[in-house]
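Enquirer: Going down the list, the protein sequences come from chains F and U. The numbering of the first sequence is my numbering, which starts it at 1 and goes up by one. The numbering of the second sequence is my numbering, which starts it at 1 and goes up by one.
FYI, nobody ran anything at the bench for these hints, they're computed from the structure. Please note: incorrect hints may appear among the correct ones.
As the list claims (entries may be wrong) - Cβ-Cβ distance ranges computed for the label pairs, FRET-style:
#, chain 1, residue 1, chain 2, residue 2, range
1, F, Pro234, U, Glu182, 33 to 39 Å
2, U, Ser79, F, Pro33, 49 to 55 Å
3, U, Asp125, F, Gly185, 51 to 57 Å
4, U, Tyr51, F, Gly185, 39 to 45 Å
Said to hold, decoys possible - As a list, the in silico DSBU-like pairs of lysine-lysine whose alpha-carbon atoms are at most 30 Å apart:
#, chain 1, residue 1, chain 2, residue 2
5, F, Lys181, U, Lys38
6, U, Lys186, U, Lys68
7, U, Lys107, U, Lys141
8, F, Lys27, U, Lys123
9, U, Lys107, U, Lys137
10, U, Lys58, F, Lys181
11, U, Lys123, U, Lys38
12, F, Lys181, U, Lys107
13, U, Lys186, F, Lys181
14, U, Lys205, U, Lys190
15, U, Lys225, U, Lys190
16, U, Lys68, U, Lys190
17, F, Lys181, U, Lys190
18, U, Lys64, U, Lys38
19, U, Lys137, U, Lys186
20, U, Lys205, U, Lys38
21, U, Lys38, U, Lys186
22, U, Lys225, U, Lys38
23, U, Lys141, U, Lys38
24, F, Lys181, U, Lys205
25, U, Lys205, U, Lys68
26, U, Lys205, U, Lys186
27, U, Lys58, U, Lys205
28, F, Lys28, U, Lys123
No residue lacks a Cβ here, since even glycine has one placed at the ideal position from N, Cα and C.
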Amino acid sequence: MSQAAVEVPPKGGFSFDLCRRNDMLSKKGVPLPSFRKTGTTIVGLIFQDGVILGADTRATEGPIVCDKNCEKIHYMAPNIYCCGAGTAADTEAVTEMVNSQLQLHRYHTGGRESRVVTALTLLKSHLFNYQGHVQAALVLGGVDVTGPHLHTIYPHGSTDSLPFATMGSGSLAAMAVFESKYHEGLTREEGINLVCEAICSGIFNDLGSGSNVDICVITKGHKEYLRNHHMPNPRTYFHSQGFSFPKKIEVLFTKVTPLKEMVGVIEGGDAMEE
Amino acid sequence: MDSNQAAKQHSLVGSEADSQRTLYPYVTGTSVVALKYKDGILMAADMGGSYGSTLRYKSVERLKAVGKHSLLGASGEISDFQEILRYLDELILYDNMWDDGNSFGPKEVHSYLTRVMYNRRNKFDPLWNSLVLGGVKNGQKYLGMVSMIGVNFEDNHVATGFGNHLARPLLRDEWHENLSFEDGVKLLEKCMRVLLYRDRSAINKLQIAKITEEGVTISPPYALKTFWGFSAFENPTVGAEGSW
Numbered sequence: 001m002s003q004a005a006v007e008v009p010p011k012g013g014f015s016f017d018l019c020r021r022n023d024m025l026s027k028k029g030v031p032l033p034s035f036r037k038t039g040t041t042i043v044g045l046i047f048q049d050g051v052i053l054g055a056d057t058r059a060t061e062g063p064i065v066c067d068k069n070c071e072k073i074h075y076m077a078p079n080i081y082c083c084g085a086g087t088a089a090d091t092e093a094v095t096e097m098v099n100s101q102l103q104l105h106r107y108h109t110g111g112r113e114s115r116v117v118t119a120l121t122l123l124k125s126h127l128f129n130y131q132g133h134v135q136a137a138l139v140l141g142g143v144d145v146t147g148p149h150l151h152t153i154y155p156h157g158s159t160d161s162l163p164f165a166t167m168g169s170g171s172l173a174a175m176a177v178f179e180s181k182y183h184e185g186l187t188r189e190e191g192i193n194l195v196c197e198a199i200c201s202g203i204f205n206d207l208g209s210g211s212n213v214d215i216c217v218i219t220k221g222h223k224e225y226l227r228n229h230h231m232p233n234p235r236t237y238f239h240s241q242g243f244s245f246p247k248k249i250e251v252l253f254t255k256v257t258p259l260k261e262m263v264g265v266i267e268g269g270d271a272m273e274e
Numbered sequence: 001m002d003s004n005q006a007a008k009q010h011s012l013v014g015s016e017a018d019s020q021r022t023l024y025p026y027v028t029g030t031s032v033v034a035l036k037y038k039d040g041i042l043m044a045a046d047m048g049g050s051y052g053s054t055l056r057y058k059s060v061e062r063l064k065a066v067g068k069h070s071l072l073g074a075s076g077e078i079s080d081f082q083e084i085l086r087y088l089d090e091l092i093l094y095d096n097m098w099d100d101g102n103s104f105g106p107k108e109v110h111s112y113l114t115r116v117m118y119n120r121r122n123k124f125d126p127l128w129n130s131l132v133l134g135g136v137k138n139g140q141k142y143l144g145m146v147s148m149i150g151v152n153f154e155d156n157h158v159a160t161g162f163g164n165h166l167a168r169p170l171l172r173d174e175w176h177e178n179l180s181f182e183d184g185v186k187l188l189e190k191c192m193r194v195l196l197y198r199d200r201s202a203i204n205k206l207q208i209a210k211i212t213e214e215g216v217t218i219s220p221p222y223a224l225k226t227f228w229g230f231s232a233f234e235n236p237t238v239g240a241e242g243s244w
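Start from the sequences and build out the full structure, keeping to the hints where you can.
Expert: Set out below in structure tokens:
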């Protein structure tokens with residue numbers, strides 16, 4: 001009496017069943033559908049009062065720019081923000097998930113301010129569990145009771161703790177700016193200018209990054225989200241007077257067709273079935 | 001298995017010829033960065049020759065003078081670079097034998113190198129190098145680049161390999177016409193320092209060469225100052241003991 005293997009109930013989590021099929025298909029030349037990526041430049045740096053995060057605003061689908069002004073700096077907690085590069089859906093989903101986990105945690109622990117390492121650990125253990133299939137590369141920054149923190153998180157789940165960090169396709173261009181100009185004890189203006197310069201370096205030298213610069217400044221007890229702080233790619237040619245239509249519209253021809261002549265209306269017929 | 005053999009017979013390249021074409025580089029040099037300044041060209045390259053992931057040779061001179069008016073820098077396979085130097089030796093020798101008062105300037109050498117690289121690529125046997133050619137002749141400054149597939153162009157500042165990603169953004173921002181010698185060297189050193197920090201095959205032993213109407217000067221090898229004293233490097237897990 002042969003018996004099939006005992007059926008183990010599915011425990012949830014990622015099912016790797018289709019990965020072999022996808023592998024085989026791509027070897028045979030069937031291309032994977034392209035997804036919306038944020039080919040990106042994201043940066044963060046620690047200055048004397050806290051953390052400054054910066055990001056560009058271009059989202060690409062293969063060779064096409066699908067969103068010219070998307071938001072890559074995600075809210076995690078009142079004192080913690082996270083920039084995301086990689087697959088847009090993955091960065092959105094993972095940051096929102098950790099955002100709600102952090103809020104629940106705050107409720108459970110008497111409303112204390114969330115710590116950056118909490119967000120870090122939640123993100124890295126989630127990404128490690130999915131073995132790199134969740135393609136989110138993040139720059140996490142915030143200020144909590146222990147001070148300012150800046151971390152990078154890679155899709156496979158490894159993390160770094162750094163004074164300045166860049167991620168995304170434009171990371172080399174931005175890192176060149178940081179490595180040559182960063183020093184400790186930057187003021188707020190110097191920090192914002194340096195982040196802006198680094199993102200602009202990514203915007204102008206990397207094809208996957210473009211459009212505008214978003215900046216987020218986080219200090220103890222205070223945060224400032226500067227959306228579109230710098231817009232170095234304005235639309236150059238446009239009709240300066242705008243468009244207008246003539247005020248008086250001439251009526252050329254009028255014809256009225258009462259529809260009762262075309263359709264028979266039955267009084268007291270059946271009401272529509274629910 | 002049978003289809004594999006049939007494929008090999010139908011392939012465009014025969015199997016005996018395979019052993020005679022360059023398939024991968026072995027001993028490689030990393031980036032070269034160069035820019036035009038007021039009096040001529042400045043070019044910098046480090047002195048490392050990597051054998052895969054080992055740093056095998058630490059005194060490889062990757063900047064060489066060519067004729068009276070040009071300076072050649074190469075990244076990529078070192079043996080192919082030495083072959084190119086032999087070709088150029090022959091070229092300059094024949095030019096001298098004409099003894100007609102003319103000598104090959106940087107434009108001519110660049111054109112020659114482009115033809116050599118492109119023709120080798122067409123034979124599926126490339127010289128695995130990215131070359132930077134700079135020089136001054138009759139007051140005219142010239143700076144160009146040729147890649148291993150024959151792509152060539154001329155610009156005010158060029159870089160090969162990793163330099164394209166790390167140094168070009170800095171050069172695009174900070175280069176301007178008529179840089180003084182000191183400013184040019186400072187800018188090049190800035191680029192080489194970023195490459196030293198972020199390119200795994202870079203070493204801290206570099207040469208800077210300058211070429212002007214008077215001739216070529218290649219500096220002796222020296223090292224750049226680096227800074228590692230950030231407090232986040234010394235104490236990365238402050239406030240989060242046990243994290244990493």
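Enquirer: Now, for every hint given, state plainly whether the structure supports it.
Expert: Structure-based check of each hint:
1. F:Pro234 with U:Glu182: 33 to 39 Å: For Glu182 of chain U against Pro234 of chain F, whose Cβ atoms are near 37 Å apart, the range 33 to 39 Å holds.
2. U:Ser79 with F:Pro33: 49 to 55 Å: violated, 44 Å
3. U:Asp125 with F:Gly185: 51 to 57 Å: holds, 55 Å
4. U:Tyr51 with F:Gly185: 39 to 45 Å: Check passed, 42 Å falls within 39 to 45 Å.
5. F:Lys181 with U:Lys38: holds, 25 Å
6. U:Lys186 with U:Lys68: holds, 26 Å
7. U:Lys107 with U:Lys141: Holds, at about 10 Å.
8. F:Lys27 with U:Lys123: holds, 28 Å
9. U:Lys107 with U:Lys137: Answer holds: Lys107 of chain U to Lys137 of chain U is near 9 Å, not above 30 Å.
10. U:Lys58 with F:Lys181: holds, 29 Å
11. U:Lys123 with U:Lys38: violated, 40 Å
12. F:Lys181 with U:Lys107: Violated. Lys181 of chain F to Lys107 of chain U sits at ~36 Å, over the 30 Å cutoff.
13. U:Lys186 with F:Lys181: holds, 13 Å
14. U:Lys205 with U:Lys190: holds, 14 Å
15. U:Lys225 with U:Lys190: Distance of about 10 Å is within 30 Å: holds.
16. U:Lys68 with U:Lys190: holds, 29 Å
17. F:Lys181 with U:Lys190: holds, 10 Å
18. U:Lys64 with U:Lys38: Holds, at roughly 21 Å.
19. U:Lys137 with U:Lys186: holds, 25 Å
20. U:Lys205 with U:Lys38: This hinted pair holds, its Cα atoms lying about 26 Å apart.
21. U:Lys38 with U:Lys186: holds, 14 Å
22. U:Lys225 with U:Lys38: At roughly 26 Å apart (the allowed maximum being 30 Å), Lys38 of chain U and Lys225 of chain U satisfy the hint.
23. U:Lys141 with U:Lys38: holds, 9 Å
24. F:Lys181 with U:Lys205: holds, 22 Å
25. U:Lys205 with U:Lys68: Holds - the C-alpha atoms of Lys68 of chain U and Lys205 of chain U are around 26 Å apart, at most 30 Å.
26. U:Lys205 with U:Lys186: holds, 16 Å
27. U:Lys58 with U:Lys205: It holds: about 8 Å lies between the C-alpha atoms, which stays within 30 Å.
28. F:Lys28 with U:Lys123: Holds. Lys28 of chain F to Lys123 of chain U sits at ~29 Å (cutoff 30 Å).
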